[in-house]
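For the record, the sequence lines run as chains A and B. Heads up: the first sequence begins at 1 in my numbering, then just goes up one per residue. Heads up: the second sequence begins at 1 in my numbering, then just goes up one per residue.
The reader is advised that the hints may include incorrect statements.
[As the list claims (entries may be wrong)] Calculated pairs, BS3-like style, for lysine-lysine (alpha carbon to alpha carbon, straight line, at most 30 Å): (1) A/K474 to B/K185; (2) B/K164 to A/K111; (3) A/K474 to B/K157; (4) A/K207 to B/K113; (5) A/K462 to A/K193; (6) A/K320 to B/K185; (7) A/K304 to A/K320; (8) A/K462 to A/K111; (9) B/K157 to B/K185; (10) B/K157 to B/K169; (11) B/K169 to B/K113; (12) A/K111 to A/K122; (13) B/K113 to A/K111; (14) B/K113 to B/K157; (15) A/K320 to B/K157; (16) A/K111 to B/K185.
Bear in mind the hints are in silico, worked out from the structure with no lab data behind them.
So you can see what is in the structure, the chains are spelled out below.
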Amino acid sequence: MRPTLRLLEDSLIERILDEARTIVGTLGVEIHNPGVLALLGDHGARIDAAGSRAFIPGALIDRALESAPSGFHLYDVLGQETHHFCGDRVHFTPGSAAITVLDGDTGEIRKPHTADYIKYVKVVSGLRHIEAQSTAFIPADVPSRVSDSYRLYLSLLYGEKPVVTGAFTIEAFAIMRDLQLAVRGSETALAEKPLTIFSCCPTSPIKWSDVTSQNVVDCARASIPVEFISMPLTGFMAPVTLVGSIIEHAAETLSGLVISQLANPGAPVLWGGSPAIFDVRYETTPMGAVETMMLDCANSEVGKFLGLPTQGYIQMSDAKQLDAQAGLESTMGATLAALSGINSVSGPGMLDFESCQSLEKLVVDHEVCAMTQRLLAGIEPRDDFPSLPLFEELLREKHLLIAKHTRKHLKAEILVPGPVIDRANHARWVEEGSLTLGARARAEVARLVAAYTPSRLADEAKAELTRRMAAEAKRYGMDRLPAQT
Amino acid sequence: MDLLKSIAESLEHGDDERVHALVTEAVAAGLPAGDVLNQGLIAGMGVVGEQFRLREIFLPDVLLAARAMYAGLDVLKPLLARDGVPTAGTVVIGSVQGDLHDIGKNLVGIMLKGAGFEVVDLGNDVAPERFVDAAARSGAAVIGLSALLTTTMSVMKDVVDLVKARGLKARVIVGGAPVSEAFAKDIGADAYGFDAANAVDRVKALAAGA
Ligand code: B12
Chain A
1 MRPTLRLLED SLIERILDEA RTIVGTLGVE IHNPGVLALL GDHGARIDAA GSRAFIPGAL
61 IDRALESAPS GFHLYDVLGQ ETHHFCGDRV HFTPGSAAIT VLDGDTGEIR KPHTADYIKY
121 VKVVSGLRHI EAQSTAFIPA DVPSRVSDSY RLYLSLLYGE KPVVTGAFTI EAFAIMRDLQ
181 LAVRGSETAL AEKPLTIFSC CPTSPIKWSD VTSQNVVDCA RASIPVEFIS MPLTGFMAPV
241 TLVGSIIEHA AETLSGLVIS QLANPGAPVL WGGSPAIFDV RYETTPMGAV ETMMLDCANS
301 EVGKFLGLPT QGYIQMSDAK QLDAQAGLES TMGATLAALS GINSVSGPGM LDFESCQSLE
361 KLVVDHEVCA MTQRLLAGIE PRDDFPSLPL FEELLREKHL LIAKHTRKHL KAEILVPGPV
421 IDRANHARWV EEGSLTLGAR ARAEVARLVA AYTPSRLADE AKAELTRRMA AEAKRYGMDR
481 LPAQT
Chain B
1 MDLLKSIAES LEHGDDERVH ALVTEAVAAG LPAGDVLNQG LIAGMGVVGE QFRLREIFLP
61 DVLLAARAMY AGLDVLKPLL ARDGVPTAGT VVIGSVQGDL HDIGKNLVGI MLKGAGFEVV
121 DLGNDVAPER FVDAAARSGA AVIGLSALLT TTMSVMKDVV DLVKARGLKA RVIVGGAPVS
181 EAFAKDIGAD AYGFDAANAV DRVKALAAGA
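The shape of chain A in the complex, shown without the other chains:
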């Protein structure tokens, strides 16, 4: 039996969706993009052009729900399948787009550079239970206009895993698509084997900006999967009740779904989100709050009810260091997410709300990913009935350490964690240097960096990636890309 968490009854989900549909139909959705408004208008939405508002009828929503796929696959740079988002499968992705990194060597929170990014890709390459890269932070040593595409470039050049990313402007989409074409070879090949997922954010309450709505359309037309990242802030930009926030999330996400499916029926999407409560003491958006995590899980239940694959920004912490708070918040998030079957769980590595990536935290979180995957495998009978022969053997031999039954089932039943998790007895722990979690995590990061082997992407494709990126950087005044050391 797969262990499962449910927070909403079906009847409540139905009422939530009824409200969400009423909101987009009668209050309408504010959209600051004439092209997107026209697209909706052409298909029967009532448009108030002066107010930049579209009133989306139920029929359009129904059509979008029909055409949106119930699942999709991702493929690595070599074209091998890595992900199948469907049912209750769970995949983990590092938290994306941090502003800073926590430097493992100095303990300082600072702006990242190219070298940090390459190190990050090397580490993620070695993490078995984190199947995707994300464009985890923004290197500060390139012009800001290319910094969103530059991180995708480095990910595609150094890593093999597919990439969860996003554009910061309308213009950046073109180069971010072209980089993927350099890997795949053609538009058809890219559409057949998606390599990335783009995050696209509505603006609460119930609004789409010019940039993000255009990103949705552009991704859909290129069959690039989109994760909708609605971010209602409970009690601030959304009702203070969790149900009210879930209604707002559903309204915003349904509107995104309609835009994407009108642009290209059948385009792959994730019913995603990064909801948060709002802390009225500190004016912050806590990602480690239990209510934030409840919202993530509940939003995913709504998506699943609609038959869509889901995503959630949930395995994160508000702590500023790799400390107990970082561990407890991220672990609670990962566990709840896995139990509720969120298909794409975003967040590993992230600290400081979602502003800071830490490689050391990433390797710790990776252990949590492994443990939650074990949890999901559940408790299954394996040659356990009848049990008498095994117990007779135990009484006879006085142990089962080398029993056939043990040798057969040890690996599937008992997860062996990585070196970050300390299970030595005290004396041995002292003998091995009394290493703290931080020290063990630093050592593991160093080991992964040393163990990295270059991406097997063809050399011509790598050269083409660099050519395209260099040309883009040049357009924005950078004659040479930073040295990749």
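Keeping the supplied structure of chain A fixed, place chain B with the ligand upon it in accordance with the hints.
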């Protein structure tokens, strides 16, 4: 004197209707508008600010107090102008070009208004020229810039440079998640604020010529 105290207390409790009524009463009783402002409204807001800093009260309490402040100012404004009482000053505020994040900037704006500043909010995705034009037009003492993206921070420097190029007297304060004190110094901005209450303190200092 008791009336001014009541105004301050009603403001602390966020009772906008009562503040409106009491300020009207004070004005009718002939109290100078400047006294009502400083010893009533601003005194009350000072207490609220201190309680917020000590985490004794939370943001919504401050916003309620700010709303009560506006209710009182509605009555006082024409009289303050007539008496030539100097206002706290004008602040032009906005999220810089390319940046659509405006939640933090909005909070800062609300708190500045609550502290008695005239706030010209230009919204988000604001080009450097618009900041400078608005500051020139309104005679703003301070320009407040917000950025939440690494990619839009650089626009802040463009604004600072433009303010200098145009020879404006307005001082520039910056804020937002990727911004820091060091960055503010780097680009030649006059101050940095890390949250709304801190922004108010810094803007007050700037407006006072610090
Ligand atoms: C909410 C949010 C959104 C909302 C914004 C809604 C809105 N109306 O503003 C939505 C969902 C729309 C959004 C969109 C995007 N976002 Co966003 N977002 C956030 C989030 C989670 C919280 C920001 C926030 O509102 N905080 C609460 C307020 C109260 O705090 P604050 O903004 O920091 O403001 C306080 C202080 O900074 C200060 N302050 C702020 N301004 C000023 C100004 C002055 C003068 C002063 C003195 C002080 C001051 O006082 C404020 C009050 O305390 C941050 C994460 C984070 N940790 O900050 C990401 C984040 C900033 N977003 C991010 C990204 C990437 C995006 C998108 C590009 C995603 C996409 N691909 O579509 C788009 C932006 C498109 C664009 N061109 O702008 C990244 C930035 C990455 C980077 N390195 O630059 C972050 C860090 C999250 C992440 N890791 O991905 N986002």
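Legend entry - Straight-line alpha-carbon gap A/K111 to B/K185, limit 30 Å: Given pair A/K111, B/K185 holds - Cα atoms ~16 Å apart, limit 30 Å.
Legend entry - Proposed proximity, B/K113 with B/K169 (alpha carbon, max 30 Å): 21 Å, holds
Inset, instruction - Given the hint that A/K474 pairs with B/K185, test it: the Cα-Cα distance must not exceed 30 Å. - result: Distance of about 29 Å is within 30 Å: holds.
Inset, instruction - Below or equal to 30 Å on CA atoms is what counts here, so check B/K157 against B/K169. - result: It holds: about 16 Å lies between the C-alpha atoms, which stays within 30 Å.
Inset, instruction - Below or equal to 30 Å on CA atoms is what counts here, so check A/K111 against A/K122. - result: OK: A/K111 and A/K122 at ~19 Å, within 30 Å.
Inset, instruction - Measure nothing beyond the straight line between the CA atoms of A/K320 and B/K185; if it is 30 Å or shorter, mark the hint as holding. - result: Holds, at roughly 24 Å.
Inset, instruction - Compare the distance between the alpha carbons of B/K113 and B/K157 with 30 Å, and conclude whether the hinted pair is satisfied. - result: 26 Å, holds
Legend entry - Proposed proximity, A/K111 with B/K164 (alpha carbon, max 30 Å): 27 Å, holds
Legend entry - Agreement of A/K462 and A/K111 with the hint, judged by alpha carbon distance not exceeding 30 Å: 27 Å, holds
Inset, instruction - Quickly compare the C-alpha distance for B/K113 and A/K111 to 30 Å and report which way the hint goes. - result: 33 Å, violated
Legend entry - Given pair status - B/K157, A/K320, alpha carbons within 30 Å: With Cα atoms ~28 Å apart, A/K320 and B/K157 stay inside 30 Å; holds.
Inset, instruction - Take a quick look at whether A/K462 and A/K193 sit within 30 Å of each other, Cα to Cα. - result: 18 Å, holds
Violated hints, in rising order: 7 and 13; the structure is consistent with all others.
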